[in-house]
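K.L.:
Residue-level listing of the chains:
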Amino acid sequence: MNLISPLANIHSKGQFGDYKDKNERELLKISELKNLLIIQIVQYKNSQVSLENISIDNLNFNNEPLKVTSNSDTRILWNGPKNWLLVSSKKDLINNLLNVCNESDFAVTDLSHSKAIIELEGKNTREVLKKGCPFNFNTLEKNNSINSTYNGIAFTIDMLDTNPEKVRLFTLRSFGESFYHSITDASLEFGFKTI
Amino acid sequence: MSQNYRLQNIGLINRDKKISFKFNGKNYFGYEGDTLASALLANGVHLVGRSFKYHRPRGFFGAGVDEPYAVVQLYRNGETEPNIKATEQELFEGLEAKSVNCWPSVNFDVGAINNFLNIFLPAGFYYKTFMWPKSFWYKVYEPFIRKAAGLGVASTEHDKERYEHKYEYCDLLIAGSGPSGLASAYTAAKNGARVILAEEKPRFGGSLLTSDVNIGNQSGKDWAESIISELKEMPNVTIKNRSQIFGYYDHNMLVMSEKVSDHLPQTKKFHPNKRLWYIRAKEVLISSGSIERPIVFGNNDTPGVMLSSAAKEYLKVYGVLVGKNPLVFTNNDSGYETAIEFKKNGIDPIVLDSRKNPSGEIIDEAINLGIKIKFSYVVVAAQGYKKVKSADIAGISEDKKQLGKIENIKCDCICVSGFWTPTIHLASQSGNKTKFNEEIDAFVPGKSKQKETTLGAANGIFSLQNTLKTSFKAANEISKKITKKENEISIPNVVEKKSSKHDKFWCVPLPKGKNYKRFLDFQNDVAVTDIELALREGYRSIEHVKRYTTLGMATDQGKTSNLNGLQLVSEIENKVVPAVGHTTFRPPYSPVSIGAIVGREIGKHSKPTRKSPMHSWHEKNNAVFVDAGVWLRPRYYKIGNETLFEASKREAKNVRTNVGVCDVTTLGKIDIKGPDSAEFLNRIYTNAWLKLPIGKARYGVMLREDGIVMDDGTTTRISENHYHMTTTTAQAANVLSHLEYYLQLVWPELNVNVVSTTEQWAGAAIAGPKSRALLQKLFPKDNVSNENLPFMGYMEADLFGTEARIFRISFSGELAYEVNVKSDSGNYMWEKIIELGQEFKIQPYGTEALSTLRIEMGHVAGSELDGRTIPYDNALDGLISKKKDFIGKRSLQRAAFVAADRQRIVGVVPLDKKTTIPEGSHLVKDSNAPLPNPKLGYISASCWSVEHDNPFSLAILKDGKNMIGKKLFVMSPLKNKIIPVEIVSSHYVDPKGERVRS
Amino acid sequence: MLHIKCPHCGLRSQNEFSYGGDASVKRPELNQEISDKDWDNFVYNRKSLRGKHWELWQHLSGCRQWIKVERDTATHEIFNTLKADEEIS
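Chains as they are written, first to last, in our numbering: chain H, 1 to 195; chain X, 196 to 1193; chain F, 1194 to 1282.
If we strip away everything but chain H, and leave its shape as in the complex, we get:
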């Protein structure tokens, strides 16, 4: 059976934009992330469960906007009040999740197939994001995540690292090609490499 990822039809390897005469290390790197477990976890209003008592893959759920709790496989993004997006390369985490976050206190919904994900890395990452997103990127730090819009398309940014900047950009799957075009178009000025 062939699984087709959201950006399979438009993402191909190469170097684009103003890349000539530039050291490859200077170029932005753009890739598609696939095969991740993406789960929405929402705690019901009358749930008495304390968040300190819950952990998935040794990570806690925190109530602070912007903050991401993470380890090398799993990242938990704040998505709203008592609302989180769990992103993990460990597919089998879903079973643990359903045990820890029980039905009467939490709504757990699989959204793994509903997102197109672009990973963008390089020193000009913030400049690319500034072109289409009205958020104040001077304040976004490592392990911060926000929801905003890019040229009108709703998306989520997860800042994995700084120096150099490395971000994961999530958008709805169906918008994938338009979003990919927007991001790569904004990267032309700096030169980029698709991997």
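Keep in mind that the hints are not guaranteed to be accurate.
What the hints assert, rightly or not - Derived contacts from chain F toward chain H, CB cut-off under 7 Å, selection only:
(1) Pro1200
(2) His1201
(3) Cys1202
No wet-lab data here; the hints were simulated from the structure. Built from N, CA and C at the ideal position, the CB exists for glycine as well.
Given the coordinates of chain H, work out where chains X and F should sit on it, guided by the hints.
P.N.:
The following block gives chains X and F in isolation, referenced to the frame of chain H:
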């Protein structure tokens, strides 16, 4: 050929880089650092264009953004752009430009006839002419006016340049890099603030580039350079030249247009030509300086009459003489600066000062240099048609009303200085209530509405000492509040000449027996007589005067004319200037390229597109797509040379006969979980939901609070507290927001989570008499018999190793199923359906066939649920629960909604069984009735019924339930059709609904 | 472009939000008798104020929360924002 007016040893241009350019077909040379204007002046070219209305010869007036005359058609890299100010366009190798608004040439312009007809063309003449005979408007007047109107010519070619946008944030945004801007930027940056300094010109420094002052132990110009060098090294500072902040918007957002490559022969590939910055600043400092005000006199539009500060700028910055025999006409000290610069460079100017007895350092300096000065003297009129050749001058009485004997003196340019107008545009745009400053006879900013401060000349402070002091102080206070850090800075000592008072005088009276045209607005040809006419005709408010005369409405936006116009109006009306008021300042400060505003939203990507996981399969199989909102859906699959009609008929027929498959991924899916889910559904939908069994689906209708149907769909109970709701494609987003609204604001006590899963699942509808047989092949391990999976049933199944959901629901009215798999497997599912469906003669079908099937079945969709119909109108009143309350129920009691003859959905068939009925047509009783013909209803949807092989439509008809069998007429004035029809039941096919239950 | 302080996410640009009507309107309780007049007032009648007024916005491309915003309709100045479950005093 040679630059006769270029001096050798003065200027900031780069004489090592010679640039060749063309103007009106003739070749010239200039240098790197020139503008088109300075290069033309260096070559002695003064005639640049013809005025808008009268086609009078026009030259250069200013040296920058305030320029009203020198608007040219620019040619660059195979493209052309109209209305570029020659005073702003930097010279580049190969630049070509042409004059506008003249034919056949700027030198000999046929349009000049207008000048002699000027008594017929006063202000507002077009409101009084071109009216008779009426027929002449379209054939004669309009084409003529169209040709005559405007200045440059817009290109009809596609714009090849890239334009980009950027959102940026800072602590302090500083507009202008003159002394106040530089002092502020420096102070704030040293306090650790994040600073953006924007300068519209290519060079930083503002007035410091041309004034004779000392700051500390440096010249003003050197001080500016050293500040800029230091700022460039600071990581918290961004300085941008060639960048103009043109608009001040809400909550301290300002927009800046950066000219990235207009000074280069072509734009670097992949790079933008202009970048628009949307900057949100905590605080804004406006150091936009001031613009010199002219004095109005006879023929003051003659080429060679220009602003005195412009003459000084051409000399000091570009090393260009605007004339070799200049006359300086001034009412204040500034004119003397220009005269002194001329004298220092070997030219002998004459100064006419309208003041009787001014005294001051600069006047003494001028006298000591031997410059000839006449006090209480004015220019009455410039003489010379295409260029100033001489001036009529005279002494003037102290009350400025009486002119002495007129003498004529030779001169080749007249440099005018009427004091200064602070540039208050940005402050005013921010909501600042400007106030009139009697000291300087101009408006300055008053009370701030947003977080902005105006400094320096823009605030009416013309002393450099005072400017630096107030700027250092203000920037320190403002920035340290933000950064909580302070770095002591010592304010340097300033050496400048103290100035004397200006004369409150801006308009030279006409001598007896002369009617020289005295111009206020130079680009739109608005003269003193036009203002007088407007006032005589009753246009009293300054907003009316502006629009009637077009004063200030040209591409220079009145920068050198608004205040003089205001002064004149107040004099005639015998009011004070502030009582007259000024017109509202609106963005942009100066014209902005539309391309820059559009940015990258062009062509295919001007709006986002949404594609289903099966999109490439559709493409490969000749699908013709249709826009469904931002989604692309297959409308039909084209075989050979089929038309839309033929293809959709074939597809629909095949569904009714065999089996078809349709991509329904786009329909909204909302995942609902929580202990109060059933209760919530019960409040949202009109029908009952508390007892829906697990594994069953139910059709639901939801209303707005006003009783109008909002959306319909089927919701399935997946497990005890887990539901799957579907919505229409169009309303998916609205329904989700609607559910969130009620859960968060109205019933927060309910424990329910809603989240969109539209994208998590790919969906295929398999419909037709053979659909069950195909389904069994798709799911060999599962029991999909009628008993095990009844109508409105749900089950989870295994599609060859991938998890699937099967809903037995039907939109087409045939036996049908909707299969969902996770999106990555969507294509696999689709290909399997096609592969295993071959034996059942499967064909994919698109939205057109989908429409046909549901229309002839009488199923309502968006065209009936159009925001005007209630459940009864759609024959859905059976779904209204009498036992419980729900959103919108109370509204259903409205008298109109319960009227006995209320409109209701019916079917419509043409009597001839051939004529198709246009959607949107009206239903009437008698097609011959006189207008207005009472409208009984409207056609909501039409199709070709494949079941009956004739046209069939659905309609919303008054008293619909009692109209079955009646004969009416359809009238479509748009398509010019009158069709006799019969009203039938809306369920044209399978009225008992047997097929879905088979 | 307004800069709105979402009580959950902080200051964000207007393009992340969608406007949602008058915040001072309270939906009547279900299953209660209500006069035609009172129901009409709820469904249709609104004061079109010039000046400060409370309105609803949904932070669509953010936390998806409905929030209440006190804004001056003439000058656009925003004075206050509240979460959905916070009362307007």
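K.L.:
Indicate, hint by hint, whether the structure satisfies it.
P.N.:
Structure-based check of all given hints:
1. This hint is violated: Pro1200/F has a C-beta 9 Å from the nearest C-beta of chain H, more than the 7 Å allowed.
2. Below 7 Å, beta-carbon pairs count as interface contacts, and His1201/F has one with chain H at about 6 Å; its hint therefore holds.
3. A distance limit of 7 Å between C-beta atoms decides the matter here; for Cys1202/F the minimum to chain H is near 5 Å, and the interface restraint holds.
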